[in-house]
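Chemist: The residues making up each chain are set out below.
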Amino acid sequence: MKNKLYFFDYVNFVLMGLVIVITLYPFLNVFAISFSSYAEYLENPLRIWPASWALGAYRDILGRSTLWSSYGNTIFVALATTVIALFMYLLTAYPLSRKDLRGKSGIMTFIVFTMMFNGGLIPTFYLIRSLHLYNTLWALIFTMLFSAYNVTLMKNFMESIPDSLVEAARIDGASEFYILFRIMAPLSKAIIATLAMFVAVGQWNAYASSIYYIKDSSKWTLALFLREIILGSSIQNVVSGAGEDLMEETVEPITMQYAALIITVVPILVVYPFVQKYFVKGMMVGSVKE
Amino acid sequence: MSKQKKVQVTYPEGVYVAPKKSLLKYIATNKWLYILLLPGLLYLLVYNYLPMFGVVIAFQDFNMVKGIFHSDFIGWENFALLFQEQRFYEVFANSVILSFYNLIFGFPIPVILAVLLNEIKQDLFKRFVQTVSYLPYFISWVVVSGMLLQYLSQSDGMVNFIIEKLGGEKLPFLMSPKYFRGIIVVANMWKGAGWGSIIYLAAMSNLDQQVYEAALIDGANRFQRMRYITIPGIMSTIITVLILNMGTIMNNGFEQIFMLQNSMNLEVSEVFETYTYKQGLMLGNFGYSTAVGLFKSVVSFFLVMTTNFIARKVGQKGLW
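Protein sequences, first through last, are from chains A and B. Residues in the first sequence are numbered from 1 upward in steps of one, following my numbering. Residues in the second sequence are numbered from 1 upward in steps of one, following my numbering.
Hints in this document: simulated from the structure, not taken from any laboratory. There is no bait here: all hints are sound.
Derived DSSO-like pairs: lysine-lysine, alpha-carbon spacing no greater than 27 Å straight-line:
| id | chain 1 | residue 1 | chain 2 | residue 2 |
| --- | --- | --- | --- | --- |
| 1 | B | K121 | A | K281 |
| 2 | A | K99 | B | K31 |
| 3 | A | K277 | B | K126 |
| 4 | A | K277 | B | K191 |
| 5 | A | K215 | B | K278 |
| 6 | B | K121 | A | K277 |
| 7 | B | K165 | B | K178 |
All values reported here derive from a predicted model rather than from experimental measurement.
This is chain B alone, in the form it adopts within the complex (with noise of 0.2 Å):
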């Protein structure tokens, strides 16, 4: 989520510096600075910001016939709809749910993994650990989602397996809103754990080696440097990642869900992005769709820039 305030440019001493020209006039003798630009802020008029334009059709009664010049225009009633909706509001709790528990319980593991992997000092063993455990974020959900379904199944399932050797009930992981949540934290930890630490371990990067070895001497025991030195220097990268990752709490991802989602788990596992999904292009209710996501990305935007504005003043640096 960059942001670009204001760019300030300083020019550093005996840099030579052409003098202002009129706005004009530069264009005229850059031209093909800004041709070079016209592809991509064409791309992004057309992909980006037309679709902008597209949530007309939150306000309309949409036919995909008649198209969006053509549909009914019915005001605020889709909205209307949605308020009533019972529905919505399940769908709005479950994405926010879904998204803290994965904050609170997967944010920590990072964490904890770039401290610990901080004090191997055996770099190949350290590089291998690293390798090894950011390989999960290069596999697709698909993927994961296969081997969840299989591990998890009722009747021959893995996990299953092992509950029935040690005596206890098979239990149906998938059919029942129970596990569902449970099930996503833990796929996502699998997932992300490695990739998320090298954030951390670049902040370690960072810290002076000396504060390190004057702790030594001083008779710091390990837990106390890291308790003292590792945690507090990487503290403002902890907590800006934290704060924007707050600002995504709306945002579950479509492919995360949506092949582990069934009618019986339906009822925790509905989520803003596969139900604008299903009632969008499979039940054909356009409007009410774009209503849905109209809502959910009105509020995203707002969440994001408060955290970014907050992540700004706390962290002296937004991180993106």
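Isolated chain A, as found in the complex (with noise of 0.2 Å):
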């Protein structure tokens, strides 16, 4: 463990640097290619540096309008499902944290249950059409409010601290309310945090709930307006599969399609670094049994 470099160490770092350019190189190759023009795209497609910024990609896909609707769209589900699941998660995890709580595997059983078993694509389906959600963002947030997963991480973070703390707010007559928002909320800020990052980014991505749920172009997602740039198509034509004649052919030139990447990438792309130990923990926190 001294820090004398071996034949080895090298090699390890010759297959290290591989793995950074194999992850960041389609970034870089996207970014280059969005600020160029087709031809310069066909001249060399593995550039990893635009070859004159060319922004009529970015001047095309921001000037339209359903970009503008489908972001907002985005950030409002991102935010709402967050917010709210946040909300659940305590709400179930802080009884369940309590070493004391009668009937607690009973409840856990029921939970967990659902992580198991699941009715399946149309009983979903028929519920949120009876529920009158079909064709509203809230189909796509009342979908995600609460995780068995997460809420069992957040419930084993919370047995963590000390049970004399609620003791004593108790004692002093505190409410299971005070206890639950005064004194166990602040000391689980970093299991919220971290809840709360996975929650927003998964949002942030779902793909398959908008597929499902949306219809009109005014409640699109931002996935469902990538869909549409990338495929080039109408939804008709993605009946059989991915609209298959019009793919090699693309409707879109392809820098454009590339502006659109970059434009849903750049904010996990910006705040990624800030909040990647999040992640990690998180990761740490679900893995790692005690």
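Using the hints, put the two chains back together into the complex; each one sits in its own frame.
Modeler: The following block contains the structure:
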């Protein structure tokens, strides 16, 4: 474990360098092409630096009103889901973290069973329709407000907070509400931040639920907007697969697709370096048991 | 897939334990705890348990207008149809084969990455590699599919550009059943390898550094230390992850498949998720689609239960 470098270390550096290149190259390439013209792309599709800082693709994309409505819808869905879901997690996790809660194992089974079995697409779709949520953004929000896995993580975290704090507050006559929001929640900031990130990013990237539940283009999320740009086809063409006859002769020029990709990923890329430690923490909490 | 067995409540010495009251009295004094639980449990009841009862649609000639209470009940007809359907067996096979490929080719990569990362002693560099390698996990499948569609395009894609420059023939990557599985496997590796390595790195951080030092003194070289200390140290984690992954072999995820799918690669790319979607929401065969979904859910359920049970036996503790 000394700092002397051996041959193996150099090989390892090269390998890890390769990991970095493989991971980052697609982003650099897409970024570079999005600022190039189609001719420049054909000349060298591998470029990682824009040839001319052409802005045509962005001008076109940013000029579309569906981009802005999709962006707004996605932000709304991600924010609303995160706030409501975290509130639900807190409410559920706190009582379950109490060692003396009677009926706890029964309630946990009720919760965890939802991870093992589900009704499937059509019954859920029928429920959404029956609740008149079809073709509303609330369909995307309401289907993601609870996660047995996330609640279990939060419960485990709260269990690690010393009981004496809760006991002392109870003896002082504090209500459960007070204990939850004034004592437990502030002490659970780390897990709250982590789960909030997961929920928010999950909704930002969610794609299937928009395909199932959203119809009108005014209610599109970014994922649907992106699909439209990429497949360059109307929804009907997608019926038999992915609009196969349109795929080769891309109706939309590739530089525009890449500009759309960049616009979609930028928020993730910008916040990622600052929040990645929360993600890792969350994964650690979830994977390492005690 | 957490499974909470009976919680063994043990109180440390000196902790005040309230004397057991009758259940009703207990609930009365702690009613707020149960009131706090209500929203979550109600939510699950509506959004998770109601659809479970909704699987009766599988036994109906379901009609959206008539609804679940007035559609005609037709017994096992949808299932009879399904087991006669050639396509169903294809979908079943495709789902399992694709998961299986993802498992064999994708599974070792995070392990190798973690072992190599563990050998880097320059902390800053190590953290940089980790941070970068987790990034793709947070990129949407729509974005990844968008890149793939363009990179692999037969007319002007980057991959074919390279092939042509090297004197090869352009290949129809997405318009042929030949390459589809390989593409999905590689995309999954790119997206998940770094993220998957976290769990092994966590397991490694629990290994005793003294064992490494002792081995060093005994003259064990680098490979011997990896082979005889690191890998055995994380073996139970590896086995547990492997077993639990087998439990999800029926699932492929709608998002990673859907955009890359087209009529030319359909024979290998149609999996349960895309099939139930098309049969149900596009073609309106609600009963049939629900039957397919129910079949998948039931098989998955038993797989998950079995693999969790085995994981518990083998790895002392289930992962979740």
